[in-house]
Amino acid sequence: MEDNRSLIIKRVSRWMAPFIFLYGVYLALYGHLSPGGGFPGGVVVAAAFILILLARGEPAALSKIPYAVAKELDALGALLFLGVGLAGIGVSGVFFANFIQEFLPGQPLEWFSGGTIIINNVAIAMKVAGSIFLVLYFLSVLRISGEGEVGFSSLEEK
Amino acid sequence: MLPYILALVLLLVGVFGIFTRKNLIKIIISISIIESAVNLFLILVGYRSGGIAPIFTARMAEISEFADQAVDPLPQAMVLTSIVIGVSLTALLVVISLRLHHVYGTYDINKIFFARESDEE
Amino acid sequence: MIIAAVVALYTEELLSAVIALGAVGFGSSGTFLLLRAPDLAITQVVVEVITLVLLIRATMVVGSIKTEGRQRYLPYFLALLAVLFLTTFVFFSFAEMPQFGTPVMERFEDAPSIYYLLRGLDLTGSANQVMSVLLDFRIYDTLGEATVIFTAVLGALTLLRMRGRKQLDGG
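Protein chains in written order, with the working numbering: chain A, 1 to 158; chain B, 159 to 279; chain C, 280 to 450.
What the hints contain is simulated information worked out from the structure, not anything from laboratory work. It cannot be assumed that every hint is accurate.
[Stated by the list, open to error] Covered by chain C, per the in silico footprint, the following chain B stretches (three or more residues, Cβ under 8 Å):
| hint | segment |
| --- | --- |
| 1 | 185-198 |
| 2 | 232-245 |
[Said to hold, decoys possible] If you want the ones that stay clear, here's a sample from chain B, every Cβ over 10 Å from chain A, calculated:
| hint | residue |
| --- | --- |
| 3 | P161 |
| 4 | K180 |
| 5 | I213 |
| 6 | Q227 |
| 7 | L256 |
| 8 | Y262 |
| 9 | N268 |
| 10 | F271 |
This structure is a prediction, so every number in the text was calculated from the model and none was measured. Beta carbons are placed, not taken as given, at the ideal position from N, Cα and C, and that holds for glycine.
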């Protein structure tokens with residue numbers, strides 16, 4: 001597909017994407033202290049990749065996050081989330097028991113304080129990032145096969 | 159009382175849209191409007207005038223003082239869930255309507271309906 | 280926001296309607312901020328961006344749109360009926376509602392919200408009480424939500440894949 005995106009968009013997205021990614025990771029890691037959490041964190045991480053996808057095309061986006069990695073991220077997030085719940089059964093006898101907080105209570109308002117909340121946040125962020133990126137990736141890639149459909153590139157011609 | 163009524167009006171606009179619009183995208187938009195109206199209403203129920211966000215900070219000396227001032231965290235957590243479910247619902251609806259558009263070449267539900275009837279004959 | 284919602288429903292062009300929906304979403308995000316719900320404000324902003332991208336993708340398959348052909352009156356009648364029905368319900372329930380600005384949790388001594396606020400820091404160690412409710416006290420909800428996302432994404436990917444395979448077969 002011909003690359004007729006403007007130079008400014010490509011340059012700016014190259015600069016912006018890492019910061020958006022970092023912000024998403026921050027949101028997920030500090031969700032138990034400040035506003036944020038796994039869901040917005042995951043969506044922001046996905047948005048960083050979607051920015052690359054929309055601004056610089058599929059090859060650039062897939063070089064940053066290959067399709068298989070996104071798929072694994074989705075599944076690993078779900079498994080990690082469930083694993084924390086099952087570990088709760090194993091350690092404390094209750095599904096999703098906050099076992100880290102029980103045995104290793106952290107100082108409140110420090111980073112290490114939420115127990116399993118941190119792990120759950122990260123798991124959910126991975127899951128949400130993977131799944132939302134996958135949906136948008138499929139939506140933008142498979143348009144080529146449709147007949148009479150207008151792609152992203154022709155929108156920018158207008 | 160006024161904020162509740164505004165949320166209600168937003169909800170009614172969405173319901174009206176679902177019934178009267180013919181375009182699939184417009185119907186998805188109406189569903190999203192209903193979603194934001196309901197989310198807004200739930201948060202309005204938990205609001206305390208002059209309250210603070212339910213995040214404990216080092217400035218708060220006592221936990222009881224914090225509990226007296228903070229807004230209700232429960233509806234916020236529920237609405238967080240509902241927002242994320244909303245986006246996955248929108249994604250699914252968009253994909254379904256794209257597929258319908260691929261098959262029938264239109265977003266108009268009446269035309270899709272007639273096309274299906276003529277297919278069956 | 281209400282104006283934006285009405286505009287979203289009544290503009291002829293689909294792209295403007297989608298952008299008006301964006302106005303609704305960002306408006307509700309600002310309202311969340313005013314209502315002391317910063318978690319929700321952040322989530323609403325990012326989710327709104329994703330929704331806009333999705334819907335713009337959906338509108339791009341058609342050109343500039345001539346929506347709405349002939350209108351029939353039955354849908355309007357049904358819509359009015361539904362609106363009246365809802366309004367009657369709301370009229371009765373608003374009499375029970377507390378005044379705006381006093382949360383419902385204050386009406387009951389043992390409301391769970393009070394317990395979450397008082398004991399959340401001890402029991403979960405999380406400063407953000409929304410997270411402590413979402414990921415500790417009520418984590419089953421979150422598990423269900425993760426299932427919903429998983430199912431929705433699975434459904435979406437299946438539908439898109441079907442399209443791709445059909446293209447491959449049919450040439």
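Going down the list of hints, with the structure as the test:
| no. | hint | in the structure |
| --- | --- | --- |
| 1 | 185-198 | holds (count 8) |
| 2 | 232-245 | holds (count 12) |
| 3 | P161 | 22 Å, holds |
| 4 | K180 | 21 Å, holds |
| 5 | I213 | 7 Å, violated |
| 6 | Q227 | 17 Å, holds |
| 7 | L256 | 8 Å, violated |
| 8 | Y262 | 12 Å, holds |
| 9 | N268 | 21 Å, holds |
| 10 | F271 | 21 Å, holds |
Violated hints, listed in ascending order, are 5, 7; each of the other numbered hints is respected by the structure.
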